[in-house]
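There are 2 protein chains.
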Amino acid sequence: MNCSTLGIGLAGFGTVGSGVWNTLQRNGVLITDRTGGSVELAVTGILVRDPAKARATAGDVPQDLFTTDWRSLVGNPAVDIVVELIGGTTDAFELVAAALRAKKPVVTGNKALLAERGTELFALSKEMATPIHFEAAVAGGIPIIRSVQDSFVGNRLHSLVGIINGTSNYILQRMTEAGLDYPPALGEAQALGYAEADPALDVNGWDAAHKAILLATLAYGFSIDPEKVHVAGIEQVRPIDIAFAKQLGYVVKLLAVIREHADGAIELRVQPSFIPKNHILASVNGVFNAISVVGDAVGEALFYGRGAGQDPTASSVVADLVEAARALRHTAGHRGFLPYRDSGTLLPVEETETAYYVRFDVTDRPGVIAEVAKILAESGIGISGTHSPVNPEAPDAEFVDMVFLLHTCKFGKLQAALAQVEALDCINSAPVVFRIEKL
Amino acid sequence: MNCSTLGIGLAGFGTVGSGVWNTLQRNGVLITDRTGGSVELAVTGILVRDPAKARATAGDVPQDLFTTDWRSLVGNPAVDIVVELIGGTTDAFELVAAALRAKKPVVTGNKALLAERGTELFALSKEMATPIHFEAAVAGGIPIIRSVQDSFVGNRLHSLVGIINGTSNYILQRMTEAGLDYPPALGEAQALGYAEADPALDVNGWDAAHKAILLATLAYGFSIDPEKVHVAGIEQVRPIDIAFAKQLGYVVKLLAVIREHADGAIELRVQPSFIPKNHILASVNGVFNAISVVGDAVGEALFYGRGAGQDPTASSVVADLVEAARALRHTAGHRGFLPYRDSGTLLPVEETETAYYVRFDVTDRPGVIAEVAKILAESGIGISGTHSPVNPEAPDAEFVDMVFLLHTCKFGKLQAALAQVEALDCINSAPVVFRIEKL
Ligand SMILES: NC(=O)c1ccc[n+]([C@@H]2O[C@H](COP(=O)([O-])OP(=O)(O)OC[C@H]3O[C@@H](n4cnc5c(N)ncnc54)[C@H](OP(=O)(O)O)[C@@H]3O)[C@@H](O)[C@H]2O)c1
Ligand SMILES: NC(=O)c1ccc[n+]([C@@H]2O[C@H](COP(=O)([O-])OP(=O)(O)OC[C@H]3O[C@@H](n4cnc5c(N)ncnc54)[C@H](OP(=O)(O)O)[C@@H]3O)[C@@H](O)[C@H]2O)c1
Numbered sequence: 001m002n003c004s005t006l007g008i009g010l011a012g013f014g015t016v017g018s019g020v021w022n023t024l025q026r027n028g029v030l031i032t033d034r035t036g037g038s039v040e041l042a043v044t045g046i047l048v049r050d051p052a053k054a055r056a057t058a059g060d061v062p063q064d065l066f067t068t069d070w071r072s073l074v075g076n077p078a079v080d081i082v083v084e085l086i087g088g089t090t091d092a093f094e095l096v097a098a099a100l101r102a103k104k105p106v107v108t109g110n111k112a113l114l115a116e117r118g119t120e121l122f123a124l125s126k127e128m129a130t131p132i133h134f135e136a137a138v139a140g141g142i143p144i145i146r147s148v149q150d151s152f153v154g155n156r157l158h159s160l161v162g163i164i165n166g167t168s169n170y171i172l173q174r175m176t177e178a179g180l181d182y183p184p185a186l187g188e189a190q191a192l193g194y195a196e197a198d199p200a201l202d203v204n205g206w207d208a209a210h211k212a213i214l215l216a217t218l219a220y221g222f223s224i225d226p227e228k229v230h231v232a233g234i235e236q237v238r239p240i241d242i243a244f245a246k247q248l249g250y251v252v253k254l255l256a257v258i259r260e261h262a263d264g265a266i267e268l269r270v271q272p273s274f275i276p277k278n279h280i281l282a283s284v285n286g287v288f289n290a291i292s293v294v295g296d297a298v299g300e301a302l303f304y305g306r307g308a309g310q311d312p313t314a315s316s317v318v319a320d321l322v323e324a325a326r327a328l329r330h331t332a333g334h335r336g337f338l339p340y341r342d343s344g345t346l347l348p349v350e351e352t353e354t355a356y357y358v359r360f361d362v363t364d365r366p367g368v369i370a371e372v373a374k375i376l377a378e379s380g381i382g383i384s385g386t387h388s389p390v391n392p393e394a395p396d397a398e399f400v401d402m403v404f405l406l407h408t409c410k411f412g413k414l415q416a417a418l419a420q421v422e423a424l425d426c427i428n429s430a431p432v433v434f435r436i437e438k439l
Numbered sequence: 440m441n442c443s444t445l446g447i448g449l450a451g452f453g454t455v456g457s458g459v460w461n462t463l464q465r466n467g468v469l470i471t472d473r474t475g476g477s478v479e480l481a482v483t484g485i486l487v488r489d490p491a492k493a494r495a496t497a498g499d500v501p502q503d504l505f506t507t508d509w510r511s512l513v514g515n516p517a518v519d520i521v522v523e524l525i526g527g528t529t530d531a532f533e534l535v536a537a538a539l540r541a542k543k544p545v546v547t548g549n550k551a552l553l554a555e556r557g558t559e560l561f562a563l564s565k566e567m568a569t570p571i572h573f574e575a576a577v578a579g580g581i582p583i584i585r586s587v588q589d590s591f592v593g594n595r596l597h598s599l600v601g602i603i604n605g606t607s608n609y610i611l612q613r614m615t616e617a618g619l620d621y622p623p624a625l626g627e628a629q630a631l632g633y634a635e636a637d638p639a640l641d642v643n644g645w646d647a648a649h650k651a652i653l654l655a656t657l658a659y660g661f662s663i664d665p666e667k668v669h670v671a672g673i674e675q676v677r678p679i680d681i682a683f684a685k686q687l688g689y690v691v692k693l694l695a696v697i698r699e700h701a702d703g704a705i706e707l708r709v710q711p712s713f714i715p716k717n718h719i720l721a722s723v724n725g726v727f728n729a730i731s732v733v734g735d736a737v738g739e740a741l742f743y744g745r746g747a748g749q750d751p752t753a754s755s756v757v758a759d760l761v762e763a764a765r766a767l768r769h770t771a772g773h774r775g776f777l778p779y780r781d782s783g784t785l786l787p788v789e790e791t792e793t794a795y796y797v798r799f800d801v802t803d804r805p806g807v808i809a810e811v812a813k814i815l816a817e818s819g820i821g822i823s824g825t826h827s828p829v830n831p832e833a834p835d836a837e838f839v840d841m842v843f844l845l846h847t848c849k850f851g852k853l854q855a856a857l858a859q860v861e862a863l864d865c866i867n868s869a870p871v872v873f874r875i876e877k878l
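Just so you know, the sequences run in chain order A and B.
For the first sequence, counting from 1, position 172 maps to 172 in my numbering; every step adds exactly one.
With the second sequence counted from 1, adding 439 to any position gets you my numbering.
These are calculated hints, taken from the structure and not from any lab test.
Take these hints with a grain of salt, some might be off.
Said to hold, decoys possible - To be clear about the criterion: a stretch of chain B counts as covered by chain A if any three or more of its residues have a C-beta under 8 Å from a C-beta of chain A, and this derived list gives those stretches:
hint	region
1	468-474
2	556-570
3	609-616
4	634-643
5	646-659
6	723-736
Stated by the list, open to error - Take a look, some chain B residues computed to stay more than 10 Å from chain A by CB distance:
hint	residue
7	465
8	530
9	619
10	662
11	762
12	802
13	807
14	813
C-beta: ideal position from N, C-alpha, C; glycine also.
In isolation and in its complexed conformation, chain A is listed as follows (with noise of 0.2 Å):
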C-alpha cells in the first residue's frame, strides 16, 4: 500500500457491497491510471451481520476485514471512507453519523435513510464539512445525482419526470404485455430476483418516493417532508385499467412528477400514471429506469440505464468513491483531463467489421447477380439477401439498381472484392456502401 492509497470501510458486503469489491478488483488499476495515479483505493474494512457466510466475489477476501462491529469500522484509522452499504435507517444513520463525525466522507446508495433522514445528516456533514456522495441511491448506475448537481447547476429546473423503480415497471410491463394480474406480475419479479422477499418498497411506491425526494432536494434546495408527499403505488393497478389504457392509446406507468410552479411551489408525486404509448418514457421497459429533466437553459435532457442491480449500482459507488479520494488527496484542483497513456492501437479501418448494404449501378443483362455473387463467394462473403425492385415507371430499363445485403465480415475484405466487382463491364460505377450496424 503506497501512501496514496486510501482505505475504503464497505459498510456492508451484499448486493451492492461485493459489487463494488469486485469492481475494485476488476478495474482498480484502470481507475488509478485514469487519475493519473492520484487515487488508489483498498478496501481496509467490512462490516456484515455474520462473517462466516459464504460470499461469491472475484478473488478471495482475507477474513481479517471482516467485522461486525460498525463502530470499529468507523475507528480504523486505516479507513479513510465509509461507505455504507446496509441498508435501513437505524444502524446506517449511526453509521453515517459516526463517520461524519470522524470527519470521514460517506458514499451511500440508501436513499431511504436520505429521504427520511437526511435533514440531520446534510446539516452534520456542514457542520463537519465532510461530503455524503449518493449517486447509487437513484437509479442504479444512471448519473443523475451528478447532473443535476453538477451538470445542471447553471439551470432553473422546471421539471424532472422518471420511472425509477425498475421492480414496478417490470410488473406492469408483464400486466400490460401479458395481461397478468398484479399477483402473478409480482410472484414473477420475485422469481426473477427482480423483486426482494420483502418488495413492499418497490410496490407501494416509496421507493420511487424516496429517490424523488432526494432529486426534489438538489433540484430545489431545501428538505421535503416525506409525509406531505402523494404517493400512491401500483399494488392497486388493475389489468381492466391497462386495458382500457391500451385502448385510448396510453401505457400506465409508475411515475415520479416533480415540477416547479410559476410562484416556486413545488409539485411532488409519485403514481401509477397513463402517458401516451408514443412517448420516449412509454418504451422504458423491464428493470430500466429512465428520467426526463426540463431546464432552462439545457431544454430537455433524458437519462436512461439500469436503475438497479450489483454491476449497475457499484458503477455509482466507485465514481463517488473516486470523487471522495481526489477531494481527500486535493487533486480536483489540478485534474482537467489528461491522457493516461502515451498511445494505444486504433484499429485500422479494414480490420472493422460489421454486416453492409451494397448498391450497385448495373446494366441488366442475364448473369449479372450470379457474376457479383461468384466474386463474393470467392471472397468468402456471405450474402445474407438481395433487393432489385422494379422501377415502375421503367420496368424494361437496361440500367437498373441492384442491392446486395452481406453478412458481416472486414472492411478490407468487403473493399478487395467490391475493386474486383467494379471491373465487371455490367457495373457502370463504383458501388454505393453503407455498413448495418448491430447495436
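Assemble the complex: chain A is given as a structure, and chain B with the ligands must be docked to it using the hints.
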C-alpha cells in the same frame, strides 16, 4: 464584487458566448446559492472581433468589458478563468495556451481545437497543473464528458455509439421523411439556422469525428491522430439508399462508433450507417443528439438531449465554470450536497393539475351517464371522452365499467366531485382514478 467573486474572461461573444452571458445574468444568484455561497461568477472581460456590433443579450453589456486583443483578455488580472468560444484552431490555440501558461483554468466548447491540437494543449495543462474543461465541446447540453470522465470512471468501457451531429441528423431526417434530395434538405437546414453558412464540418462528418475523438481519448486514455480516423459524411447519401433502407427495415443515421476490441485495439469511425428502425437511436430526430455507452459495470446507459444551440451549450459551459471555480476556491473537498435554503413550498396535492382517467363500476340503468356528467359539469370539470366497452361475454350485464376522460383540473376539485358521484346509488364502489400526464 465580494472577495469570493471569480472573474470570467469570455473569449467570443457569438452564439455560445452570449448564451453564457445570458445564463449567468439569469441564474447567477441561483448558482451562488447552490454552491453554498462559495461561487460567485462575474464576467470581467469579453473578446470579440468587432466591439461595435449590435448584440442581443439579456441586460446591457458594459462597453468597457470588450476588447479585441486576446492577450489583454488573458492577461487581465481581473480574469481568473478563460472561456474560449471563438472557434478555429489558430487564435484559439494561442489563447488557450497563453491562459494555461498564466495558470488560468480554461473552459472551451471547441472540439476542432481539442481533437486537432489537444495533444499539445493537454500536455501543457498537465505541466501547468491547470485544467481544460470541455463539456460543451461534445453534444451540447448533454453531460457526456462528465459522465465518461467521472461517473463511469470505474468502468471498462466497451463502446460508445452516438448521433452527435444535429445538422446531419436533421438533413437525413428530412431526406427520409420528405424524400428530399441532399441539396434541398441542406438548404432547409440552413434556412432554419440548423446549418451554418459554411456547413462543411457538419456534413462531411468531421464535426462528429472531432467529438468522437474526444470521447475515445477520454474513454481509452491516449491521444488519437485524426488522420487515422475513418470519416465519411452525409454529402454522398442519396434518396434511393434511404428509400431502400426503409424497405429493408432500417434508418440511415450519421453514426459515430467507438469500440474496444478484446486485444485492446480501439475502433473509431464516423459514417452514415443503417440502423434497425426499432432501435432507440433510430427515433432520435431533428437536431437532437444521443449517445449510448456500454460499460462493464454500468451496462448500457443512454443520454439524449439538445446537441447544440445557444442555451444548451451555455448550460455545459456554465457547469464547467462552476467546476473550475470550485477548484480555485478549494471547495470541492467539503461540497457534498447541502440543501441551500431552509424551506420551500410543496404544492399540496389538491392543487396539482392533470387530466384524468376515471373508471366507475356502475349499475347499468338509463340515465347513469347523465347523472355523473351533471355532477362533473356542476363542478366545472370538462369531459373529453367517455368509454364504456360492452363486455362481449355478457352484453346485458347489470354491472358495467364506465370510463370518463377528464380535462385538466385541480385534483382537489376532482376529489370533491368524485365524492358526490360516489354517493349516487348507481355507483357500486370507489372510482378508480389515474392521472393522464402531459409529457
Ligand atoms: N440492490 C440494489 O440493486 C440496490 C440499488 C441501489 C441502492 N441499493 C441500496 O443499497 C443498500 C444495500 O442494498 P443491498 O441490496 O446490497 O442489500 P443486501 O444485499 O441485503 O446487503 C446488506 C449487507 O449489509 C449487511 N448488514 C445489514 N445490516 C447490518 C447491520 N445492522 N450490521 C452489520 N451489517 C449489516 C449484511 O450482512 P450479511 O451479509 O452478514 O447479511 C449484508 O452484507 C440499501 O440501502 C439499498 O437500498 C441497492
Ligand atoms: N453554436 C453552437 O451551437 C455550438 C455548440 C457547441 C460548441 N460550439 C463551439 O463553440 C465555439 C463558438 O461557437 P459560436 O457558434 O458561438 O461561434 P460564433 O457565433 O461565430 O461566435 C464567435 C465569436 O468569437 C469572436 N471571434 C472569432 N474569432 C475571433 C478572433 N480571432 N479574435 C477575437 N474574437 C473572435 C466573434 O467576434 P464578433 O462577434 O465580433 O464577430 C464572435 O463573438 C466554436 O468552437 C464552436 O464549435 C458551438
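Consistency of the hints with the structure:
Counting residues of the region 468-474 of chain B whose CB lies closer than 8 Å to any CB of chain A gives 5, so the stated coverage by that chain holds, three being the minimum. For the region 556-570 of chain B, the stated coverage by chain A holds: 7 residues have a C-beta nearer than 8 Å to a C-beta of that chain, and at least 3 were required. Coverage of the region 609-616 of chain B by chain A is violated [criterion: at least 3 residues with CB-CB distance below 8 Å; count 0]. Only when three residues or more bring their CB closer than 8 Å to a CB of chain A does the claim for the region 634-643 of chain B stand; here the count is 0, and the claim is violated.
Check result for the region 646-659 of chain B against chain A: holds, 3 residues qualifying (beta carbon to beta carbon below 8 Å, three or more required). Counting residues of the region 723-736 of chain B whose CB falls under 8 Å from any CB of chain A gives 4; the rule of at least 3 is met. The beta carbon of residue 465(B) sits about 7 Å from the closest Cβ of chain A, which is not more than 10 Å, so the claim that it is off the interface is violated. No Cβ of chain A approaches the Cβ of residue 530(B) within 10 Å, the least distance being about 21 Å, so the stated non-interface status holds.
Residue placement check: residue 619(B) keeps its beta carbon more than 10 Å from all beta carbons of chain A (closest about 18 Å). With a least CB separation of 5 Å from chain A, residue 662(B) falls inside the 10 Å interface cut-off, contrary to its annotation. Listed as outside the interface, residue 762(B) is inconsistent with that label: its C-beta sits roughly 7 Å from the nearest C-beta of chain A, within the 10 Å cut-off. Distance check for residue 802(B) against chain A: the nearest CB is about 17 Å away, which clears 10 Å, and the non-interface claim stands.
No Cβ of chain A approaches the Cβ of residue 807(B) within 10 Å, the least distance being about 18 Å, so the stated non-interface status holds. Residue 813(B), annotated as away from the interface, keeps every beta carbon of chain A farther than 10 Å; the closest lies near 23 Å.
When the structure is compared with the earlier hints, violations turn up for hints 3, 4, 7, 10, 11 and for no others.
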